[in-house]
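K.L.:
Residue numbers (this note's numbering), protein chains in the order written: chain P, 1 to 439; chain L, 1 to 199.
The hints are simulated quantities; they were obtained by calculation from the structure and are not laboratory data. Please note that a few of the clues may not be correct.
Distance ranges between label pairs, derived from CB positions [to be verified]:
no. : chain 1 : residue 1 : chain 2 : residue 2 : range
1   : L       : 177       : P       : 67        : 38 to 44 Å
2   : P       : 394       : L       : 89        : 21 to 27 Å
3   : P       : 28        : L       : 199       : 22 to 28 Å
4   : P       : 78        : L       : 94        : 33 to 39 Å
5   : P       : 371       : L       : 186       : 33 to 39 Å
6   : L       : 50        : P       : 402       : 33 to 39 Å
7   : L       : 199       : P       : 24        : 17 to 23 Å
8   : P       : 26        : L       : 179       : 33 to 39 Å
9   : L       : 177       : P       : 418       : 27 to 33 Å
10  : L       : 50        : P       : 67        : 24 to 30 Å
11  : P       : 158       : L       : 179       : 54 to 60 Å
12  : P       : 394       : L       : 199       : 56 to 62 Å
13  : P       : 381       : L       : 70        : 46 to 52 Å
14  : L       : 40        : P       : 317       : 54 to 60 Å
C-beta: ideal position from N, C-alpha, C; glycine also.
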Amino acid sequence: MSVKQLHTLSVEDKIFKNLDGSDDWHIKGYEKRGGYKGLDKILKTAPKDIIEQLKASALRGRGGAGFPTGMKWSFMPPVEEKPNYLVVNADESEPGTCKDRDILLYDPHTLVEGIIIGCHSLGAKTCYVYVRGEYIDEADHLQKAIDEAYEAGFLGKNILKTKVDVDIHVHTGAGAYICGEETALLESLEGKKGQPRMKPPFPAGAGLYGCPTTINNVETVAQVPPILKKGVKWWTQFGRPNNHGTKIFSISGAVNKPCNVEAPMSIPLKTLIEEHAGGVIGGWDNLLAVIPGGSSTPMLSAIQADTILMDFDALREVGTGLGTAAVIVMNKETDILAVMTRISRFYKHESCGQCTPCREGVGWVWRMMERLSHGDGEIEELDQLFKVTKKVEGHTICAFADGAMWPVQGVLKHFRPLFEAEINKAKKKSKQNNTAKSA
Amino acid sequence: MTAQENTLLKQSDENLALRGARVQIVDDEKTYTWPKKLDKDIKGIIAKYPSGRQASAVISLLKLAQKTFDGWLPVGAMNLVADTLDMPPVRVYEVASFYDMFFTQPVGKHVVRVCTNVSCMVRGCYKVLSEIEDELGVKAGETTSDGMVTVQEFECLGSCCEAPMMMIDDHYHGNLTPDKARDIVKRVKEGDVPTEASK
Ligand code: FES
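Isolated chain P, as found in the complex (with noise of 0.2 Å):
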């Protein structure tokens, strides 16, 4: 392969210098580390020529879905009566994922530079941050870095007197993993329970209040800046074709260094735990599974693990996703079926109840999980379970039944044999329990 395999980026090429939080997160700090020189040349270059730069650079969403942040962009309709919107999703609620937290937490300025040009190449004057309720330090860090950047001029009327106009609001939820979901996100926004919506109309038609609206992931806006500052070459010599660009990937579970770590795409699986989390508990032939991008994601085997890369590609042809980029890693010390059944148990709580296959069916599998799991049951339940799992996913209006079901498809796939253990041996210990009551 002709692409250069960088493992780790070095501190010039990392675009959340501050992702540890070990310097300054208020302006002075990221206006020494770079933040926001060159803001006024990128403000009066042309909004279409900005979305060109972005599609050349493969920039591809952050949030879960993978779509090309370039081509996201170009739908968005000239500024008519109505305004156009840029909502940034901060409702970071995917098991495994915790990247955006600390990007507010320790870098909040890049976002705020990020949704700046966002606004300006989107024709908006207005964005909304929706933060989840439970990040009450992380937005408190945000808004301070708000306030910060009105008083310095890159925010309000006329910025750097380039004519552009951006306000930016933080808005805060309640706790509703759906509300991560873009149309439901902009229900929880205009003050509604957070249900998704049907599509169409997509956002860029009627969004927010009806208008033209385009919702990022906090990450995927941040790292607008740096690509049109730097250029297209410097983003696209990580990774590879259709995956370029630096990632922040949150590897968590059964590693001896949890850690949030900006790396290039692309990266061996194996060596972003080995290197940058410290290695399995246990080496890495203790390894048992490996969740790849948040809990929706069905899982890969210890021997995938070994080789495989960590992008969108490679992972869709293994049938998982990128997802998050949370890793969330087991060892052979993990009660596998019984986390498991933690994450249908999740789903189960989290349905918002507005389609029949998925309301009734995550509690359906949930329930089976939870009495397979423990042995009780038949072994072809375990294929009716799968059957279901078929049936419920992509019936719904909204991708979250799907992420309910990959995780057990994900399970049945490749630990099976746990749960015809299970269950042979209850029924053994039914039969001697049987046996010895006759007797």
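Dock chain L with the ligand against chain P, hints included.
P.N.:
Coordinates of chain L with the ligand only, in the frame set by chain P:
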């Protein structure tokens, strides 16, 4: 609420995948008004949104109400929010029952939310939770008899690299061990609540 009612509610919740379906709203027959000193805050919150779109402020005002009136939302408090935002009250009840951070029943003075989702589970959160339950003498979902602390089992708090995790009132506490968690909760029980996050 008695312990028995509490378990009943929990059980019915176990079988329903419909957010808010189990929530009962409580009318304590009091009338609620905003303290004068909040006027400016309320105006500021509403001003974030375009005119006519003040319903967008509902979550923020419910939070403010919850904070102001004993940590939970009786019908009167929700009606006040409805009134302030010129919304039909039922729309406000819907929102209050949909989101996990709102309480429509009386609740302890301090809330301890223990994450028991995947990353925290792999790192031993259930040991942390049982240590906390043991220290407080209640189970998750219950409140201590003196009304000081409510413990909740919570979904992923989005701080998985600091697992196991908990949130006490407004702040996160990470990298917990059962001992560390017990120490923090013991202090909370005595009213000494941490005022900033720890990791
Ligand atoms: S799983 Fe506990 S904070 Fe994410």
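K.L.:
For the range 24 to 30 Å, tell me whether the beta carbons of residue 50 of chain L and residue 67 of chain P fit it or not.
P.N.:
holds (27 Å)
K.L.:
Taking 33 to 39 Å as the hint, is the beta-carbon distance of residue 26 of chain P and residue 179 of chain L inside that range?
P.N.:
holds (35 Å)
K.L.:
Go ahead and decide if the range 17 to 23 Å is satisfied by the Cβ distance of residue 199 of chain L to residue 24 of chain P.
P.N.:
holds (18 Å)
K.L.:
Tell me if the beta carbons of residue 177 of chain L and residue 67 of chain P are separated by a distance inside 38 to 44 Å.
P.N.:
holds (41 Å)
K.L.:
Would you say the C-beta atoms of residue 394 of chain P and residue 89 of chain L sit inside 21 to 27 Å of each other?
P.N.:
This hint is violated: roughly 38 Å between Cβ atoms.
K.L.:
Would you say the C-beta atoms of residue 177 of chain L and residue 418 of chain P sit inside 27 to 33 Å of each other?
P.N.:
holds (29 Å)
K.L.:
How does the Cβ-Cβ distance of residue 371 of chain P and residue 186 of chain L compare with 33 to 39 Å: does it lie in that range?
P.N.:
holds (38 Å)
K.L.:
Between residue 28 of chain P and residue 199 of chain L, does the beta-carbon spacing fit 22 to 28 Å?
P.N.:
24 Å Cβ-Cβ, so the 22 to 28 Å window holds.
K.L.:
Go ahead and decide if the range 56 to 62 Å is satisfied by the Cβ distance of residue 394 of chain P to residue 199 of chain L.
P.N.:
Because 40 Å falls outside the window, the suggested range is violated.
K.L.:
Indicate whether the distance between the beta carbons of residue 381 of chain P and residue 70 of chain L respects the range 46 to 52 Å.
P.N.:
The hinted range 46 to 52 Å holds for residue 381 of chain P and residue 70 of chain L, with Cβ atoms some 47 Å apart.
K.L.:
Within 54 to 60 Å: is that where the Cβ-Cβ distance between residue 40 of chain L and residue 317 of chain P falls?
P.N.:
holds (56 Å)
K.L.:
Just to be sure I understand the hint, the distance between the Cβ atoms of residue 158 of chain P and residue 179 of chain L should be within 54 to 60 Å; is that true here?
P.N.:
holds (57 Å)
Violated hints, in rising order: 2, 12; the structure is consistent with all others.
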